[in-house]
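Visitor: Based on the provided sequences and hints, a complete structural model is requested.
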Amino acid sequence: MVRQGNIDNPPKTPLIPGFECSGIVEALGENVKGYEIGDRVMAFTNYNAWAEVVCTPVDFVYRIPDDMSFSEAAAFPMNFVTAYMMLFEVANLREGMSVLVHSAGGGVGQAIAQLCSTVPNVTVFGTASSFKHEAIKESMTYLFDRNMDYVQEVKKISADGVDIVLDCLCGENTGKGLSLLKPLGTYILYGSSNMVTGETKSFFSFAKSWWQVEKVNPIKLYEENKVMAGFSLLNLLFKQSRSSLVTKVMDNLLKLYNEKKIKPVVDSLWALEEVRASNRQEEKQVGRKLQGQYFREIRTQAEYGSKRRRKVA
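For the sequence shown, position 79 (counting from the first letter as 1) is numbered 79 according to UniProt numbering, and the numbering increases by one without interruption.
Honestly, I wouldn't trust all of these hints.
[What the hints assert, rightly or not] BS3-like mimics (lysine-lysine), calculated; alpha carbons at most 25 Å apart, straight line:
id, residue 1, residue 2
1, Lys33, Lys255
2, Lys248, Lys260
3, Lys155, Lys226
4, Lys261, Lys137
5, Lys33, Lys248
6, Lys12, Lys239
7, Lys156, Lys226
8, Lys220, Lys182
9, Lys220, Lys155
10, Lys260, Lys137
11, Lys261, Lys248
12, Lys156, Lys137
13, Lys263, Lys248
14, Lys182, Lys226
15, Lys137, Lys263
16, Lys155, Lys182
17, Lys215, Lys155
18, Lys215, Lys226
19, Lys137, Lys155
20, Lys182, Lys156
21, Lys182, Lys215
[What the hints assert, rightly or not] DEER-style ranges, computed between Cβ atoms:
id, residue 1, residue 2, range
22, Pro65, Pro218, 40 to 48 Å
23, Asp59, Glu138, 35 to 43 Å
24, Asn235, Ser130, 32 to 40 Å
Since the hints were made in silico from the structure, they are not lab data. As the structure is a prediction and not an experimental result, all values here were calculated from the model. Backbone N, C-alpha and C define an ideal beta-carbon position, used for all residues, glycine too.
Guide: Below is the structure:
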């Protein structure tokens with residue numbers, strides 16, 4: 001979406017992509033405490049994660065566990081914080097509930113599946129491209145091809161529908177997701193990948209997806225006891241200043257990681273020189289694809305936050 005400009009207020013070009021990375025602390029701002037040069041860290045950054053040296057406020061930096069690799073660390077924050085906050089902060093996932101997740105083979109989809117497994121008796125319905133099913137079938141209770149009528153398939157198994165729908169597609173899936181919700185169920189939109197097709201921005205794809213979005217009647221939500229929500233981690237961090245909440249979530253996630261209950265799924269590693277080829281593989285990946293390389297050069301000290309020589313992003 002960044003490449004095609006399908007985001008609100010995109011920065012002017014030229015720009016350096018990337019919102020998360022991992023690496024080694026090379027320099028510290030004057031008032032930074034809790035970190036030392038040489039520490040292994042992962043971080044969020046408002047763009048620039050693909051740069052050779054990254055500078056970001058210390059509130060967005062987290063220490064990497066000793067047994068976590070740099071590639072796993074670069075695949076950890078965005079996927080797992082997004083999944084955790086949707087499930088537990090927005091939808092209030094509890095024992096015995098059911099969840100439908102689209103793009104189940106992606107990084108967030110796999111993080112959702114792992115986090116659902118930490119709660120007893122949670123049923124996870126997933127949709128994904130058929131060629132991904134073999135790789136991810138063990139992570140889902142039920143798995144459907146993304147092109148089939150998954151609404152009817154879900155209702156064959158659970159006539160009342162599901163408690164939580166997590167939708168990164170938008171378009172016609174919005175109406176389908178709302179129709180599948182049980183009373184007191186929660187639908188969360190956290191992406192709109194149906195609006196992104198091909199290598200360049202497509203007005204037709206955008207218009208088609210927008211037209212297919214069901215116009216939501218708030219009175220109908222009230223009458224059916226359904227909740228509709230949206231979630232954007234980047235906006236929460238960089239526009240709404242909720243880094244302290246995200247830090248608490250990261251603490252909980254790292255505890256789960258140390259207990260061996262969750263683990264990032266890394267599909268592949270690509271050098272920056274291979275970025276064009278890697279972007280063409282996005283629809284085929286399972287888990288998180290990483291761009292990155294090792295750098296020798298160290299730039300000037302940051303005036304704030306923590307500065308790191310980036311390993312992967």
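Visitor: Can the suggested window of 32 to 40 Å be confirmed for the beta-carbon pair Asn235 and Ser130?
Guide: 33 Å, holds
Visitor: Assess, step by step, whether the Cα of Lys220 is no farther than 25 Å from the Cα of Lys182, and give holds or violated.
Guide: 14 Å, holds
Visitor: Does Lys260 pair with Lys137 here, judged by a C-alpha cut-off of 25 Å?
Guide: Holds, because 20 Å separates the two Cα atoms, which is no more than 25 Å.
Visitor: Is Lys155 within 25 Å of Lys182, Cα to Cα?
Guide: Holds: Lys155 and Lys182 sit about 11 Å apart, inside 25 Å.
Visitor: Holds or violated: are the alpha carbons of Lys156 and Lys137 at most 25 Å from each other?
Guide: 19 Å, holds
Visitor: Can the restraint linking Lys182 and Lys156 be considered satisfied, given a maximum Cα separation of 25 Å?
Guide: 14 Å, holds
Visitor: If you check the beta carbons of Asp59 and Glu138, does the distance land in 35 to 43 Å?
Guide: This hint holds: roughly 37 Å between Cβ atoms.
Visitor: Are Lys12 and Lys239 close enough, with their CA atoms no more than 25 Å apart?
Guide: Distance ~18 Å between Lys12 and Lys239 Cα, so the pair holds.
Visitor: Would the hint linking Lys33 and Lys248 be met if the CA-CA limit is 25 Å?
Guide: 18 Å, holds
Visitor: Tell me if the straight-line CA distance from Lys263 to Lys248 falls inside 25 Å.
Guide: Given that 25 Å is the threshold and the Cα spacing comes to 18 Å, the pair holds.
Visitor: Need the status of pair Lys261, Lys248: alpha-carbon distance at most 25 Å?
Guide: 18 Å, holds
Visitor: Is the Cα-Cα distance between Lys155 and Lys226 25 Å or less?
Guide: Given that 25 Å is the threshold and the Cα spacing comes to 17 Å, the pair holds.
In terms of the numbered hints stated before, the structure departs from none.
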